[in-house]
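A.B. asks: The residues making up each chain are set out below.
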Amino acid sequence: MRAFLFLLTAAVSFGLCYLLSSRQYLPLPLGSFLSPQEGFWQNAEPVDEDFSAQLRFPDLKGKVDVYLDDRLVPHVFAEVEDDAYFVQGYLHAKFRLWQMELQVLVAEGRASEVLGDVALNHDREFRRLGMPYAAENSLRAMEANDTTKRQCDAYSAGINAYIQSLSEASLPIEYKLLGYTPEPWSNYKTALFLKYMSYDLAAHESDFEMTNAKNVFSKEEFDLLFPPIQDSLDPIIPKGTAFAPPSIPLRIPETADSLYFSTDSVSAASLFKPDRDNGSNNWAVAGSKTASGAPILCNDPHLGLNLPSLWYEIQISTPSFNAYGVSFPGAPGVIIGYNDSCAFGFTNGGRDVRDYYKIQFKDESRLEYLYNGEWKKTDFRIERIKIKGKPDLLDTVAYTVFGPVMFDHSYTDDGLSSGKDHYAVKWSAHNPSNELMIFHKLNHARNYADYLDACRYLETPGQNCLFAAKNGDIAIRTQGRFPAKWKGQGDFVMPGTDSSYLWQGYIPFEEIPFQFNPERGFVSSANQRPVDSTYPYYLGRDYPSPRGFIINRRLHQMQQITAQDMMSLQTDNYNVFAEMAMPIFRKYVDPNRLDEQGRKYLNELLSWNLRNDVDARGATIFAETWKSFYDSVFVDEYAGMSKHVAKPMESTLLEAILRDSSFRFIDDKRTEQVESLYNLATRGFAGALKTIIEYDQENKLPWGANKATHVDHLLRLPAFSRANLPIGGGTHIINATKDKHGPSWRMVISLANQTEAFGVYPGGQHGNPGSRYYDNFIDHWAEGAYYSLWMMKKEEKTDPRVKWMMSFSNK
Amino acid sequence: MKFFVSLLLMAALSFALGLFLPWWSIAIACFLVALTIRIKPGGAFLAGFLALFLLWGWLSFYISQQNDHVLANKVSMLVLKKKNPNMLMLLTGAIGALVGGFSALSGSLLRSMFKKA
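Keeping their order, the protein sequence lines are chains A and B. Residue 772 in the working numbering sits at position 773 of the first sequence, and the numbers go up by one each step. Residue 13 in the working numbering sits at position 5 of the second sequence, and the numbers go up by one each step.
Because the hints were derived from the structure by calculation, they are not lab data. All C-beta atoms, glycine included, are put in the ideal place defined by N, C-alpha and C. Any given hint could be a false lead.
Partner residues are not named here, just some residues of chain A that face chain B (Cβ under 10 Å, in silico) [as the list claims (entries may be wrong)]:
no.	residue
1	Arg1
2	Ala9
3	Ala10
4	Ser20
5	Leu27
6	Leu29
7	Leu33
8	Phe39
9	Gln41
10	Asp47
11	Leu165
12	Glu167
13	Leu716
14	Arg771
Output of the computed footprint for chain A on chain B, the stretches with three or more beta carbons under 8 Å from beta carbons of chain A [to be verified]:
no.	segment
15	18-29
16	64-75
17	83-95
18	103-114
Input sequences plus hints: build the corresponding full structure.
C.D. replies: What follows is the structure, encoded as structure tokens:
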């Protein structure tokens, strides 16, 4: 009996240990997860945590002292430059390891390994887009460059030094939640991270949607709906700038009219589109316009807002340079920031550098495809996708001279593509390039010549590279390695049976539009079309104009500018798009056709001050009215169409109506009468009323509550995220803060003798949700406030701002 | 008296093993103590149960209050769907207690088998 009881209780004990260690029956292994000595409690960092440490690593060549300030920003002082990157890697890992690794797993198409088959579509698409292939190509270019190789080797070694010091207990909490452990870092992972940025910033195309639109509209209609240039365009390089004739003679293929511009059907579209509004503002004003007489450089990149943040603030000081700014956990160096001589920043170029070609295979085996009248052999790349809790999936991807065949019979994205046709993707990010060098060179830059030299290394993603120096120089270059395209090339899916539709070359460095110390005293960019129509190369159609327009208008007006003025400009909530659109509603919405309640909201709209402030009710009424108006104009044209048919930009509709109030799309084709703008504007407003009234009843009419900006944890866990932030702004507004997207780093640098620098990002330096430094900048950011950035000098180590010191040495 | 000695030893050994071994070393600790010190099976269960309830409960409380309960607030939202750090500490204690109790009980039963033989 006792033996039986013993065996029973022993079995229960074993069973409990097994059950509480496993994820098979419980969503979480409660034993290991709740164990105070091993589980998540170990991530509950004491609020008075002491970050000071003395660390020894044989890889180091000299001594490195790191002073952590009261915001947990590290000030890294290294005797040898390579050591600075080792320590940067160590710090990135110490504070952001899980995020760094997840980002590269996502980039490589390996998310299913840790997240399960919910990520399978993502992984297949990323493999088929050639992300690992692109990273391998770039890795070769990075490692062929001695400087980058040393930088990356030291950086990877620093990350791995930290990973090796980890125990089960000290793993970041997300590993404990998901049940995996970190892999060693490698230079390949850094290359993958950079490709992720290319995916995010250089995927600006809608070739399938545009092809579909071309097929359903007449040529005349198409040109009205998708004009190459907006009326409100104030280009980065001012209108009237003369451009040299193109050095690359562009030959439009002979078959273009019959095979390309003509109507044919395409059915495939990419599932994972990065946010269309990934963009940014940057500008620099010359000393002639500032109160101090010194230039001021400003930048705020608009990206998806996440926790932990994409950015990590750092100062790196070595015998060869001293730079401060934000870095990417995943890559060495300072990305946006300033040094002792100059400041630098970026906005996205938004050029179309990704095109699709329709491939004709000989047969189902895909072994050969038609190219220039011959059957050419296909290369194959077998992608093995590991899936958590499931067998591996093998995906065989065909590679052609154009690039990988993304869509084919085996990959239709749940029927999105027909599976009959095959489309290869050509993407400039597949090229071997070494973007780390631009940051390396900018970190070291002393003057305009150094900046020019740095810009040569930027290929993909193309960026508007902004520069200002203490000697008074300001400059901007619309930089990148952009294909030299003929008019219309790459707007649609192209025939892939011969070489005539291939890109015919890349725009040379000398023909990149730029501005250097322009007379108007400022340079700026906000993702608008970089040049007017006189530039000889084709640049595509869908650049947003309003933000660039309002920034330039303000900068023209401003004089005696201070850093404070620039912060006010970056956080300005004035809605210039509404300024342009309101005359339509003012003139054409007929109050007599509304009931009393409708007239009340119309009055509220008409008396709105055009600012998307937190408490602005008019801003929400405007947004809903515009949305409803846009829909009522196009509802008939797009009735019954797939959602994969491109729709015109908001500014296109607005500008067309401002030009011509009888714009042909105003008429509702479904009715016999001919509608006027009076009908449509009133219909638009009346259509929005129901939603507006609902919002009012739910107290969600004030813009801030309606927009409900949130910064989400990368796993979308509400408990680790911040919701309902009181912040204004939005699309087309300089403060481009939308619901989950917006200014991811605001920076203002005044390059006077004594540099004055300000910055803030919506996050915190520590990636651990159990740390008080996890999200401590968010409220400050939402208020529109900035931190003073401290370029520390080594002698200041007794300054009260220094809270902790980490010393690294090899002995 | 033996009961309290066992309880203290179980808690102490669990903590010590936990410094080097995975979380389930608490089962070894309770089993070994109950095997060594003679105590009735019912008492052994209670000793193991209380030892781990107190150890894990107190450790989690100690860690969490140094953290101002920042993480416990978040994880309780995640696990219990409500902001309640105390519940999370109770749950932590209860999970440890369950494992501690059963392994102490089996240790005590094994000991009593040898005694009989």
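A.B. asks: Could you run down the list of hints and mark each one as holding or not?
C.D. replies: Here is how each hint holds up against the structure:
1. Arg1: Result: holds, 5 Å to nearest chain B Cβ.
2. Ala9: With a closest approach of 4 Å, the Ala9 (chain A) hint holds.
3. Ala10: holds, 9 Å
4. Ser20: holds, 7 Å
5. Leu27: holds, 7 Å
6. Leu29: holds, 5 Å
7. Leu33: Holds - the Cβ of Leu33 (chain A) comes within 10 Å of chain B, reaching about 4 Å at its closest.
8. Phe39: holds, 6 Å
9. Gln41: holds, 8 Å
10. Asp47: At about 8 Å, which falls below the 10 Å cut-off, the nearest Cβ of chain B leaves the hint on Asp47 (chain A) intact, so it holds.
11. Leu165: Since chain B brings no Cβ nearer than about 15 Å to Leu165 (chain A), farther than 10 Å, the hint is violated.
12. Glu167: Constraint on Glu167 (chain A) satisfied, holds at 7 Å.
13. Leu716: holds, 6 Å
14. Arg771: holds, 6 Å
15. 18-29: Coverage by chain A holds here, the residue count being 3 at a Cβ distance below 8 Å.
16. 64-75: Held - the segment 64-75 of chain B has 7 residues with a Cβ nearer than 8 Å to chain A, which meets the minimum of three.
17. 83-95: holds (count 4)
18. 103-114: Our answer is that it holds, as 8 residues pass the Cβ test (under 8 Å) against chain A, meeting three.
In this structure, only the earlier hint numbered 11 is contradicted, and the remaining ones agree with it.
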